[in-house]
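K.L.:
Sequence:
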Amino acid sequence: MRLIIILITTIALLFFCKCSSSAVIDLGDVETPTGTQEIAVRDLIIRTIGEDASKSFVVHVDKTMPSRSFQIKKTEASTLSIVGSDGVAVAKGFHHYLKYYLHKHIDWTHTKVELQLPIQLPNATIFSKSASNFIYYQNVCTWSYSFAWWTFPNWRRHIDWMAMMGVTLTLAPIQEYIWHEIYVEMGLTKDEIDEHFAGAAFQAWQRMGNIRGWGGPIPHSYRRMQKILQQRILKAERDLGIRVALPAFAGHVPVAMARIFPNNTFTPVERWNHFPDKYCCGLFLDPSDPLFNQIAVKFLNKTIENYGSDNIYFCDPFNEIQPRFANAEYMNATSFHIYESMRLVDNSAIWLLQGWMFVKNIFWTDELIKAFLLAVPLGKMLVLDLQSEQFPQYERTHSFHGQPFIWCMLHNFGGTLGMHGSVDIVNTQIRLARDMVNTSMVGVGITAEGINQNYAMYELALERGWMKDDFDLNNWFEVYADVRYGIRESRLHSAWQLLRQSVYSYKGLLKIRGKYSIARRPSTNLSPWVWYNTSNVYIAWAQMISVIGNTTIPLHNLPFVSHDLVDITRQFLQITFDQLYVNLMVAYTSKNMEKYVFIADKMLEALNDLETILATNMDFSLSRWLEAAKNLGRTPVEKQLYEMNARNQITAWGPNGQILDYATKQWSGVVIDYYRPRWALFLQMLQKSLESNKKFNEEAFKRTVSQEIENPFSISTKVYPSEPVGDSFTVAQRIFFKWTTYADDSHFKKYCSKSIRYV
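Positions -22 to -1, 1 to 737 (mature numbering (1 follows the signal peptide of the UniProt record, and there is no 0)) are the ones given, in order, by the sequence shown.
Don't read these hints as lab results, they were simulated from the structure. There's no promise every hint is true.
Stated by the list, open to error - Label-pair restraints from in silico Cβ distances:
1. Lys489 to Lys732: 20 to 30 angstroms
2. Gln272 to Thr57: 56 to 66 angstroms
3. Thr719 to Asp172: 55 to 65 angstroms
4. Val91 to Phe303: 36 to 46 angstroms
5. Gly28 to Glu676: 57 to 67 angstroms
6. Glu92 to Asn452: 23 to 33 angstroms
7. Gln94 to Asn503: 52 to 62 angstroms
8. Asn452 to Ala304: 43 to 53 angstroms
9. Lys90 to Glu373: 39 to 49 angstroms
10. Asn503 to Ile17: 57 to 67 angstroms
11. His376 to Lys107: 47 to 57 angstroms
Claimed, not checked - Here are the simulated BS3-like pairs of lysine-lysine, each with C-alpha atoms no more than 27 angstroms apart in a straight line:
12. Lys485 to Lys446
13. Lys90 to Lys213
14. Lys569 to Lys338
15. Lys256 to Lys728
A virtual CB, placed ideally from N, CA and C, is assigned to each residue, including glycine.
Take the sequences, apply the hints, and build the full model.
P.N.:
Structure, rendered in structure tokens:
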């Protein structure tokens, strides 16, 4: 009977697919009253520019306007009127004027702007309508890699930024408090529950069924605190008109469920990234099992009871997990039952699905993808094409067989640092995807696993999502430099054009995962590569130092200037270290001891310089990450647990380095106590093998570095400075002149002639 129902549903959907070139996502009107949205935007403006300055702006939400649009006009009373179709549109209009008329900059951590009073408001008459139905933001992993230790003040600033960037749809994945209630009701013991829930820094992967228990057990007080936090986040987002996707049941349950329900259909999840039995291989409850609906309905009802609903729910049953059967009937039934469980609770339910499971996975043939997607009525599933800028799936899947999708720029994995991006692809491919024959694209999003890096890429992508036509990138980056630094300077324009044409020009298919030599476990088998002329970075760095050192304005005290100066200095040292490494291996293989010692010394010096420059800006500090983690703890034991979570995630990522350095961070503190000791040990052991004329023992080094440096770092409790150490400009200038001098040195030229591999 079930098979007959599925076949009838599929035939009906296939017929509908032929009759409709595109599907429409209908979330209905934002339920938040217009008055509430107006108050929320006024408060946002006050937080951004201060109460006195805010009096120059009059805001109004007018639902009769075209959806996703704003209008700006200077009034006869010399105030600025901003009218929008909802709160987000008004906030977007406010930011547009702030950036393009008042030349003020914000980013995801700095949202406060100083305006000189009385404000001189340039004339403006603007009407703008978004080319996208949705501007989406977040990745399920961002909540662990970037948001793990955030409190509401962090979120308050970030939500303001989201609204000003025009974000209309996001996630709210916190769910452990509800699951704890359900597990207790179903008869699981405290120990069984504790063995399931992962630690605070690893919850994203426990939620998707990849791991269990690692980094735990977490106290119930943490779950309660997180529930309250999410309620506050949701209220702030919805007050501004942002829609939020809540979690739905994907089928992943604790292993103890098999004890309670021995006759139901559970399948052990395959081992993920070599995690040991204790921390892997939870159970997947088949969605066709009646127990699935029972749990799914209970969970979603409790979720809505606690968090309200915007009629959209995210659910990813197969994130980096291979399904049980590779046949169309199974995939169709799985998808059908998952969506049906949502519809039973909310008849207007829309399923938000990450398309990541299709990326570079030969399991997912077109037949299986089609069966999975078309088990859900067209327009009732919204797919995030998670990495459209490099591995788009909308072409391969025929625009997801008609299901609406959002073109997403993923860009970053693990929150790693390193300047990179694909500006030309982002700029042009969004338009091409929109204009594709029978396109079902309905929006643009950013889906980075971690934030606080390469901000220009994200501002570009979000602005591009709003606009219909391609940007003039020369002009866009020129304006970006003017606004970010508050000064119009040709050398800064040139610096950003050089970066655009180098680090931000990637168009290849090789994975960029932040695993640069300086931040990787040392080995004789590393193969660093670049896709750009590295001299562009050096020249851009030189131009930035020149401007800061030769202006009457104390630019180096401005947060964006300091951040970018530290970042480009870090990038130079990262590149330099890669070049030193490839030449070190030449020295080693040619058994040239003099050359080896010279380069090894320079590598350690580069690491010292990296630590010194990073310490001058708290954006690049381990201290901020660790202190935020410890501050969530109520007791010394909790503080120690959260600190271990924070340290392990950015280094070993697992009990024994299962995903070693995946979320690596070029931060002060990490360099001096993790990267440098590893490289010092490696250089010492490699030199001994050279002196003894014996082959370097890679396995012995791995054991030693793991036992002596990597694992101890995860459980260390060393405290790091809570304030910057040194002046960014002074330190950057010293490093610049020192390494410029080295480049002209005859020994350096002689010993470091081999270049990094160019692809």
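K.L.:
State for each hint whether it applies.
P.N.:
Okay, the hints, checked on the actual structure:
With their beta carbons about 24 angstroms apart, Lys489 and Lys732 fall inside the hinted range of 20 to 30 angstroms. For the pair Gln272 and Thr57, the beta carbons lie near 57 angstroms from each other, so the given range of 56 to 66 angstroms is met. In this structure the hint that Thr719 and Asp172 lie 55 to 65 angstroms apart at CB holds, the actual value being about 58 angstroms. Distance hint for Val91 and Phe303: a CB-CB separation of about 55 angstroms, inconsistent with the stated range 36 to 46 angstroms.
The hint said 57 to 67 angstroms for the Cβ distance between Gly28 and Glu676, and at roughly 58 angstroms that hint holds. At roughly 29 angstroms, the beta carbons of Glu92 and Asn452 sit within the given window of 23 to 33 angstroms. Gln94 and Asn503 have their C-beta atoms about 57 angstroms apart, which keeps the hinted 52 to 62 angstroms range intact. At about 49 angstroms, the CB distance of Asn452 to Ala304 agrees with the hint of 43 to 53 angstroms.
Between Lys90 and Glu373 the Cβ separation comes to about 42 angstroms, which falls inside the hinted range of 39 to 49 angstroms. For the hinted restraint 57 to 67 angstroms between Asn503 and Ile17, the CB-CB distance of approximately 59 angstroms keeps it satisfied. Distance hint check: the CB atoms of His376 and Lys107 are about 29 angstroms apart, inconsistent with the given range 47 to 57 angstroms. Distance check on the hinted pair: Lys485 and Lys446 sit about 22 angstroms apart at the alpha-carbon level, within 27 angstroms; holds.
Note on Lys90 and Lys213: the hinted pairing holds, with a Cα-Cα distance of about 21 angstroms set against a maximum of 27 angstroms. Restraint check for Lys569 and Lys338: the C-alpha separation of about 41 angstroms exceeds 27 angstroms, so the hint is violated. Taking the CA atoms of Lys256 and Lys728, the gap is near 53 angstroms; set against the 27 angstroms cutoff, the hint is violated.
Violated hints for the displayed structure, listed by number in ascending order: 4, 11, 14, 15.
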